[in-house]
Amino acid sequence: MALLHTVNKSPFESNTFDACLGLAKSGSTVLLIEDGVYAATTGNSVADKIKNAAGINFCVLGPDLQARGVEEKLAEGIKVVDYEGFVDLVAEHDAVQAWL
Amino acid sequence: MALLHTVNKSPFESNTFDACLGLAKSGSTVLLIEDGVYAATTGNSVADKIKNAAGINFCVLGPDLQARGVEEKLAEGIKVVDYEGFVDLVAEHDAVQAWL
Amino acid sequence: MAKKFMYINRKAPYGTVYALESLEVVLIGAAFDQDVSLAFIGDGVYQLTKGQNTKAIGQKNFSPVYMALGDYDVNKIYVEKESLEERGLSLEDLQHLVWEDEDNDYEEKDSIRLVSRAELTDVLDEQEVILSF
Amino acid sequence: MAKKFMYINRKAPYGTVYALESLEVVLIGAAFDQDVSLAFIGDGVYQLTKGQNTKAIGQKNFSPVYMALGDYDVNKIYVEKESLEERGLSLEDLQHLVWEDEDNDYEEKDSIRLVSRAELTDVLDEQEVILSF
Amino acid sequence: MKFSLQINEGPYQHQAADSAIQFTKAALAKGHEIFRVFFYHDGVNNATRLAIPPQDDRNITAEWVALQKEHNLDLVVCIAAAQRRGLIDEDEMTRQGKDANNISEGFRISGLGQLIEAGIEADRLIVFGA
Amino acid sequence: MKFSLQINEGPYQHQAADSAIQFTKAALAKGHEIFRVFFYHDGVNNATRLAIPPQDDRNITAEWVALQKEHNLDLVVCIAAAQRRGLIDEDEMTRQGKDANNISEGFRISGLGQLIEAGIEADRLIVFGA
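Residue numbers (numbering that gives the first Met the number 0), protein chains in the order written: chain A, 0 to 99; chain B, 0 to 99; chain C, 0 to 132; chain D, 0 to 132; chain E, 0 to 129; chain F, 0 to 129.
Errors might be hidden in some of the hints.
As the list claims (entries may be wrong) - Listed below are several chain C residues computed to face chain E (Cβ distance under 7 Å; list not exhaustive):
hint	residue
1	Y13
2	G14
3	T15
4	V16
5	G57
6	K59
Simulated from the structure, these hints should not be mistaken for lab results. Beta carbons are placed, not taken as given, at the ideal position from N, Cα and C, and that holds for glycine.
Construct all of the structure, not just a fragment, from the sequences and the given hints.
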């Protein structure tokens, strides 16, 4: 079993991203969408959290990165997907947990 | 001049309370309402923040504490007000900043 | 075949409607004979506190409804230990939720399962349908 | 007598409507000849980033409107330094907002004032009407 | 003292809508004047007359309407926010060629200038939101 | 694969309503089936036919209606959440003695059991909210 976790809140304003990391099992995937995409940017106070989350696959929704003008700030090791990639991730995992 | 700050988010889920403390001037008042009242409870991971905020007056809305069943957990040094007390606080301060 | 349904509750009561409307789904969902669990994580643990009194805020106090969950065969209620501790709460601060085991002479059993974050991670991992509020 | 109006912007754009609807108030409010300031704090600083492209999310890109604020005599735009730094941003990442000083031969001046948290505290303390979004 | 309120959230979803009512009642009880209540963002949803809350729950719109009648409150719904969200009055219905309207009595639809004016004319502006 | 969606927030206020539409379009484009879209909490506000968004902005309800027509989607609005928030159809209007209704074509009002069924019948349930 592997879950897909979606996070749509900014890691700077909400603890949602931390809560997700606390309960995401090794082998699961975290997809950052909406204001959650800021967690995928580099050079900031949360960047180490992704580096230190061993065994979790991180993806980010490209359309949301582009909308916010932070595409060039993307941290290493995070896969960018579009909405069709989002759909694929849902299909490839056993269930989806939305961290709202 | 002295501002009244209102905070209505839980300090455990949102950075709103921290943001307020960062910009509240000595002599101003912070009123905790709605889910913000949890910041007024004791024995938890945020309790020290109020203790360390020198020069700020802290108030909490009693009706919101009671609704949430945490009245008995109230930390020391925080004044409990009802809605009429809320109105008085607004009148006594020069302006209101709502930390949403 | 019954599916594993998990209701994730992460929000405090009254500040938003999610706690109440989540409870409404759980009660309706109980009729569908699925394998139902509830998890209370983060501020969600505040939903279960004793002594809620909403009179002065003008909202309905729905906390007594949690006591009825056992009667609906909703008796797997996971409460995350770390979430309680961060908030200065213990099980004593929560309502005592029970259910009657009809396979065991209607013995009264606790519904709340206090679990660590690591244990809850494994529980979540087994779920097939996760409803988030 | 003009009142000191402060618009506090603390939310990222597009995730919620607040950034857009705040901007709409600012534009309408500009006609009222008040002493207007804007503060961008926390995720609010993201409203001003360069290079926003909303085509793929189906929302309107309203970021060019910030460039027009100077024409509406809205030229006191406070950006909190600490908020930028926490997010790994610098002024270079934000749009260059300017206004023309008609008292000074229409000289082009910067609208953004990069201020520390301590400085912003003093600015907030002087306000008479604070609109929060 | 003269107060104005800005309400950013709709009924039931966030407590902001409730807090604003409780504040208004307390302010009026203490003899203050409410210059205007301005409903913005999802706050416009407080103004629907079509809501049917459960019988054992509060009816937020009805509470505003009762307060409006008793104290002649000026309850203003932002026209731009309301149009986006499907809150329209009879005039808007006709003008926009819609077949129904849903704004309750006691509320009036107007522009954002009314919010600025509320800030200028009142001694204090208080924002309720999420 | 068969997907069900739950939408917890209304249009414009939160991006959740937009993300759900984009996801639905992408899923359909990839040949998946959408078993049901269930609108809960403020999500019921997506179903109003009275919205008049600015001409240069998207019309979220109209997008759902277009998708519904093309793909015969089952768009279900939670009756309890809708009643609280003033979203009613013609039947509800008559039954409750209201003078107007505002649900758009393409949506149907039903109970929470439809959400549970959506979870049971679909291969995946995805929640969009705030």
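These are the hints, each one checked on the structure:
no.	hint	result
1	Y13	holds (6 Å)
2	G14	holds (5 Å)
3	T15	holds (6 Å)
4	V16	holds (5 Å)
5	G57	holds (5 Å)
6	K59	holds (5 Å)
Violated hints are absent here; each numbered hint is respected by the structure.
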